[in-house]
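> Using the sequences and the accompanying hints, generate a full structural model.
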Amino acid sequence: MRIRRILVYFILIMFFAIWMLPLLSVILTCLKSEKQILYLPFWYLPPLSEIHFLENVTTAWGTLKLSKSFLNTLIYSSISPTVAVFLASLIAFPLAKMKFRGKNAVFYFALIGTFLPFQMYLVPDLKILSALRLFNTRIGLILVYTSICIPFATILIRNYMLTLPDWLLDAAKLDGLSYFGIYGKIILPLCTPALVVAFLFQFIWVWNEMLFGMVLTHSYSTRPLMTQLAMLKGSYITSFGVMAAGAITSIIMPVIIVLVFQKRFTQGFIAPSER
0 MRIRRILVYF ILIMFFAIWM LPLLSVILTC LKSEKQILYL PFWYLPPLSE
50 IHFLENVTTA WGTLKLSKSF LNTLIYSSIS PTVAVFLASL IAFPLAKMKF
100 RGKNAVFYFA LIGTFLPFQM YLVPDLKILS ALRLFNTRIG LILVYTSICI
150 PFATILIRNY MLTLPDWLLD AAKLDGLSYF GIYGKIILPL CTPALVVAFL
200 FQFIWVWNEM LFGMVLTHSY STRPLMTQLA MLKGSYITSF GVMAAGAITS
250 IIMPVIIVLV FQKRFTQGFI APSER
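Numbering (numbering that gives the first Met the number 0), first residue to last: 0 to 274.
These are calculated hints, taken from the structure and not from any lab test. Heads up, the beta-carbon is just placed ideally off N, CA and C, and yes, glycines get one too.
Using 25 angstroms as the maximum straight-line C-alpha spacing, the simulated DMTMM-like pairs for lysine to aspartate or glutamate come out as follows:
hint, residue 1, residue 2
1, Lys67, Glu54
2, Lys98, Asp174
3, Lys96, Asp169
4, Lys98, Asp169
5, Lys34, Glu49
6, Lys34, Glu54
7, Lys98, Asp165
8, Lys96, Asp174
9, Lys184, Asp174
10, Lys64, Glu33
11, Lys102, Asp169
12, Lys102, Asp165
13, Lys64, Glu54
14, Lys184, Asp165
15, Lys96, Asp165
16, Lys184, Asp169
Have a look at the derived ranges for each label pair, beta carbon to beta carbon:
hint, residue 1, residue 2, range
17, Arg137, Ile12, 39 to 47 angstroms
18, Leu176, Pro123, 34 to 42 angstroms
19, Pro40, Ser220, 39 to 47 angstroms
Below, the structure is given as structure tokens:
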């Protein structure tokens, strides 16, 4: 038993080290000047008087104007997951608690949507947005992100709704509530943890997404933050310290969101009957 425990801890420590090493490398890089990055080992931590973090952050967010891309990403990652979770809850409710022909087909259609690689959507989305004259617009990218978020959110919320007892719906029907009344007054309040989990997953994905922003936008006014960071290399600047500072500061918002909703995030994975 002791050997097994040691082996488990060893494996966990190895996975933690593998996960932390790239992040640690980026953190150390954002503290250095370009000269220190090129001529000193990457694990070298400069003295406090030689740390260039504020200078790198000022260059990334001031000179390169990442604040505009930050605002774009904040808009995309707030609106798209919110709309997607709301629409997904409307789809998940009948899939979980109503009987109708074709219910399984709708569920498997949503399930398949989570398995398909996102890259296959690029060309159709590009053609659709171009035809609708929404290419290189915030509305166009919001629609794309929303459509991609819906299948996963639908499955997650539907599986949570399945754990709700049916007698709640029967009692609500006896009280004269319609299906929309049951959905709004009973189902949504009980499913708040699942809605929060679905929102957080989609928020983090949209915040970190780069590919669609790179293909479906071409101007600074609509480009997401991660796409803008990826295009800095060779386009505006070659400083790894500036790029690392931009990357580190760009993850602050998702970390704050997860910490704020940490309790709800944990509850979303627990069935109501198990609490």
